[in-house]
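A.B. asks: Chains B and G supply the protein sequences, listed in that same order. Per this note's numbering, the very first residue in the first sequence carries number 2; after that it's consecutive. Per this note's numbering, the very first residue in the second sequence carries number 22; after that it's consecutive.
Derived from the structure by calculation, the hints contain no laboratory data. There may be inaccurate statements among the hints.
Interface residues of chain B toward chain G, partial, derived using beta-carbon atoms under 7 Å [unchecked claim]:
#1 3
#2 41
#3 43
#4 91
#5 108
DSS-like cross-link-like pairs, simulated, lysine-lysine; straight-line CA separation at most 25 Å [said to hold, decoys possible]:
#6 72(B) with 120(G)
#7 58(B) with 120(G)
#8 78(G) with 38(G)
#9 78(G) with 120(G)
Now the stretches of chain G that chain B is said to cover, found in silico as 3 or more residues with beta-carbon under 8 Å [to be verified]:
#10 66–72
#11 122–129
The beta-carbon is built from N, C-alpha and C at its ideal position, and this holds for glycine as well.
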Amino acid sequence: NAGVTQTPKFQVLKTGQSMTLQCAQDMNHNSMYWYRQDPGMGLRLIYYSASEGTTDKGEVPNGYNVSRLNKREFSLRLESAAPSQTSVYFCASSENQGATGYGYTFGSGTRLTVV
Amino acid sequence: KNQVEQSPQSLIILEGKNCTLQCNYTVSPFSNLRWYKQDTGRGPVSLTIMTFSENTKSNGRYTATLDADTKQSSLHITASQLSDSASYICVVRASNDYKLSFGAGTTVTVRA
Numbered sequence: 002n003a004g005v006t007q008t009p010k011f012q013v014l015k016t017g018q019s020m021t022l023q024c025a026q027d028m029n030h031n032s033m034y035w036y037r038q039d040p041g042m043g044l045r046l047i048y049y050s051a052s053e054g055t056t057d058k059g060e061v062p063n064g065y066n067v068s069r070l071n072k073r074e075f076s077l078r079l080e081s082a083a084p085s086q087t088s089v090y091f092c093a094s095s096e097n098q099g100a101t102g103y104g105y106t107f108g109s110g111t112r113l114t115v116v
Numbered sequence: 022k023n024q025v026e027q028s029p030q031s032l033i034i035l036e037g038k039n040c041t042l043q044c045n046y047t048v049s050p051f052s053n054l055r056w057y058k059q060d061t062g063r064g065p066v067s068l069t070i071m072t073f074s075e076n077t078k079s080n081g082r083y084t085a086t087l088d089a090d091t092k093q094s095s096l097h098i099t100a101s102q103l104s105d106s107a108s109y110i111c112v113v114r115a116s117n118d119y120k121l122s123f124g125a126g127t128t129v130t131v132r133a
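Kindly produce the complete structure, drawing on both the sequences and the hints.
C.D. replies: Next comes the structure, spelled out in structure tokens:
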């Protein structure tokens, strides 16, 4: 099925461990995004990639790094996980970021717990 | 700072009944407003999108309204079904910024 695929779906890390969340889209979208969702809060943008080869910080980038490996794939890395990074992470993609009507397609999320 | 506030935080309704969710925003200048449905354990899925000139948009039993003057939107669910149980998120985009502002969502529980 066409869409955004995230792996893994669940992960438990110990404080200080590192891991990479993977995201791939097969819709030929130019822009990709990483969000985190915490209880009682709206989704917050961590990093985004407007197009292949570019990445920029979003609202809450501290503690994260990203790589736009190619047009399809956008990974999120936690170098030294902290309990404050316990959250549900969503990857999304859109055709572009300039048009007023563009839509976002979201993956199904990665539930990360840092103990 | 652009903000999106949703109310109520949660609600419970009986199957077959109607309900209305509210969204107030301070995003300016306004470009468009979307309502997303997020099922438990899934990513958000777009229900409707409205631009400045539109004040009503329907998608099946979902009807969204927009008052750009008062910066308010509502999502009306008609004849609710058990499958409507989900979180409904209001998302607003400013015309001078591609980034989206997300509300915290309203959790709707439909009971038989």
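A.B. asks: Just pull the numbers of the violated hints for me, sorted ascending.
C.D. replies: Structure breaks hint 1 only.
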